[in-house]
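Could you put together the complete structure from these sequences and hints?
Chain residues, written in single-letter form:
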Amino acid sequence: MKKIFILAATALLASMTLHAADKPTLTIYTYDSFAASWGPAPKIKEAFEKENNCTLEFVPSSSAIGSLRKIQMEGAKTKADILLGLDTSIAQTAKETGLFAKHGIDTSRAMLPTEWGDDSFVPFDYSYFAFVYDRNHTQKAPDSFEALVAMPKDFKIVIQDPRSSTPGLGLLLWIKSIYGDKAADYWKSLSPHILTITKGWSEAYGLFLKGEADMVLSYTTSPAYHIIAEKKTNYLAAKFKEGHYGQIEVAAMLKSSQHKALAQKFLQFMLSDTFQDIIPTTNWTYPVVKTKKGLPEGFLGLKVPSKMLLMDGKKVEKERKSMISEWLKAIAK
Amino acid sequence: MIPGLGIATALLLFALLLFATLYRFSSGDTLSSIDDRILGLLRFTLYQATLSTLLSLFFGMILAWSLAHQRHFRGRSLLVALFSSSLVLPTLIVVFGLVTILGNNGWLNHLSLTLTGHSFGSWLYGLSGILIAHVYLNASFASRSLLHSFESIPVEKYRLAKSLGFSAWQRFWLVEWVAVRSTVTSSAATIFLLCFTSFAIVLILGGSPSYNTLEVAIYEAVKIDFDIAFALKLALIQLSISTLLVLLSSTLRTGLGNLKQESTSVTWKEPRYTTLLQYGIISLLAAAFVLPLLAVIADGIGADYSSILTQPLFIRSLITSLIIATVSAILTVLFALMLSDARRTFQLPERMSRTKGSKLLGLLVAFSGNLYLAVPSLIMGVGFFLLSQQFEAPLLLWAIGAVLSANVLMSLPFALSVIAPAMQKTARRYDRLSLSLGLTPLARWRYVELPYLSASIGYIFALSFALSLGDLGVIALFGSDEITTLPWYLYQLMGSYRTTDAAGVALILMLLVLGIFGGIPRFFNKRT
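Chains A and B supply the protein sequences, listed in that same order.
Just so you know, we're using our numbering here: the first sequence kicks off at 1 and counts up by one.
Just so you know, we're using our numbering here: the second sequence kicks off at 1 and counts up by one.
Simulated from the structure, these hints should not be mistaken for laboratory data.
Mixed in with the good hints there might be a few duds.
[What the hints assert, rightly or not] Far from chain A by the CB rule (all over 12 Å, computed), these chain B residues:
#1 A217
#2 L309
#3 L361
#4 L395
[Said to hold, decoys possible] Cβ pair distances, simulated, as ranges:
#5 A:P192 x B:L16: 31 to 37 Å
#6 B:L51 x A:K231: 56 to 62 Å
#7 A:P152 x B:L16: 52 to 58 Å
#8 B:S240 x A:P192: 42 to 48 Å
#9 B:Y23 x A:E242: 45 to 51 Å
#10 A:K241 x B:T50: 34 to 40 Å
#11 A:L209 x B:S307: 17 to 23 Å
[Claimed, not checked] A short, non-exhaustive set of chain B residues, derived as facing chain A with CB atoms under 7 Å:
#12 N104
#13 I224
#14 F226
#15 A229
The model shown is predicted, which means the values in this text are computed figures rather than measured ones.
Glycine residues also receive a C-beta, built at the ideal position from the N, C-alpha and C atoms.
Structure below.
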């Protein structure tokens, strides 16, 4: 019995100690689907470690905002060097914690639908929020927010919590930018259609694929995954007349990082062709750089919204709390 | 007695320290700034706890009544044992089983779709799901205590009632209700407190945040919003209410007792329709209880175990969970023994109960063992987190401390209710003998207490081991890549794509918990 305990304790300790100390380890906090074995992380790790003599470690949370909160909980003792996966809507919140350093790199390679001028955060991909449905299951998907609330009562959607998830926050802002002062009323009428509100994107998408809901809040580019990886064409993004809210995903390094030079190298690496070519078929979003290789074929057939709705990050931060409490009140039962 | 008093003082000081920490960090405007949202949270928390309590008592009562009158059918003892195991059944497993059966894509909907082409849809998320899960866990718990009260009714009373020609209803109202009433109120108080602070069930089935309890709102404020000020405000409100409830109900809760005791028999030949009714109730509720567990098995059997068992994260979670559960169980046993020792000293007339102040001290000792009901584990977690911000030790150490304390405090009330009566008995029986033999305290433990108590010790060790192994509470605050337990790992899996892995891990967790809960006491019994 004693032996087992000693063995177990040793195993626990061994599993908790960090990797060999001869190479520096760059630790990146990010969301689960980015760090997953099917996500971008493994390929990025391989490519970056080959170019730089280091170990790249991804530490996942159920959402990027979750990673931010983890860093806030750990404070200056955090072992994170980089936080990857926030978007422009929440980046300002992160900035105001004072935990993030200036990136100091040239971001002009990034070609985005909007100007880029942030000095802490570096963009690495973008997409548009959209509801995804299964054509075999839902014949006529809604084509606007009005049509969505007019769907039959048992038409259910899964969304994400705007407090914990960037898509969830995106939907909140999407609806706010269309309905303005009447957003709360819209949420009230949408509320009966909401099956559940998840902490992060993965959980919501998993519920949808399991058949628990008819539609899920995801991206216009999500169908590319089913087309390319699964050869399935029955998953579609519902095009909304009002336009689609955009998401630009970003990363930044921590002031408390012990490997700032390496962290800066990584931020620069994010804008390289190597990194950008990995993004479309692992994170299922658009790269921010026009690479030599270009977009994979599955992406070409996707409809690109003509206009990207996007609120200014500073404005979002100023109103985030009041928007969220308005939302909480509207959906409370 | 001295170590017991020491433990009790330490526990109470610990609670005070937590309270002080929470209070010091909060802005102090708690009461003045209660807004609509907080009121709404409070209303829903109380509402669901009230409904859950009433429903649990109703089902627990009819089940206990039926079981008390049907004493001779095959599998009865197995059934009763199974119902008692609900005490340690991880909430996560119950939720998993319920979703498998009642979820949008569950068995019920599939059956109904095939038969009638109609689907009930996804009604499980929300109040109904919370109620079902609460009733599932608490009705079986209540039925166990109630059954014991039914069985302790003296046979003479039944004989008298029978000679007076009472109907089943008259018998219930005039004989049985009077006897079980105190158990009803004490179970009601306990169940209400448990539902008031319910966490994992509301977290998963609440369809957050439409249906939130205070406990989940505190969790979200910390983990999602990092709004520590709001979390503190909620925590202080929650703490005040639950302390008030514990104090108010301390006269009601005569103890969580009757978890493990033998019983006498009721002799009454039932009329046919009553028998039918009782069998109906037993089979329906037994089916309702067993089905979710079967669903976990059925779902888990198809999982790919060669992939699950080789996941490094799974192995780490398992080892961490086993170590934490072992340490928690050892601590719980030690604490329970020492607290019970102190308690009997203050309670027994042969010892010190007539000494001045011993009543108060006895009460303090008793309260320290029931702290958990007043200080929910999540609030303790928040306290630990705040302390971690103040001191330089890494968060990981605080996390382990928080999980261990939560486990011990959670198991103590149950452990005490089993071991305290047994230790009172040994004191009554052997005090004089030990004294006259001049046994040293150590020798007394070795030759008098241990042989007599080993079965109970085995039981509370298993109970607290199983409870600690299956709990998803504090770990939700601290769970990360650095520390993860099996329930936290399962929760993560449930929230991701890998649902077949989740089913496999759920089955492993369930078998582990039930196996340990059923197996360890046997091991202890054999030794005596």
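We went through each hint and held it up to the structure:
no.: 1; hint: A217; result: 10 Å, violated
no.: 2; hint: L309; result: 14 Å, holds
no.: 3; hint: L361; result: 37 Å, holds
no.: 4; hint: L395; result: 6 Å, violated
no.: 5; hint: A:P192 x B:L16: 31 to 37 Å; result: 46 Å, violated
no.: 6; hint: B:L51 x A:K231: 56 to 62 Å; result: 49 Å, violated
no.: 7; hint: A:P152 x B:L16: 52 to 58 Å; result: 56 Å, holds
no.: 8; hint: B:S240 x A:P192: 42 to 48 Å; result: 35 Å, violated
no.: 9; hint: B:Y23 x A:E242: 45 to 51 Å; result: 48 Å, holds
no.: 10; hint: A:K241 x B:T50: 34 to 40 Å; result: 46 Å, violated
no.: 11; hint: A:L209 x B:S307: 17 to 23 Å; result: 19 Å, holds
no.: 12; hint: N104; result: 4 Å, holds
no.: 13; hint: I224; result: 4 Å, holds
no.: 14; hint: F226; result: 5 Å, holds
no.: 15; hint: A229; result: 12 Å, violated
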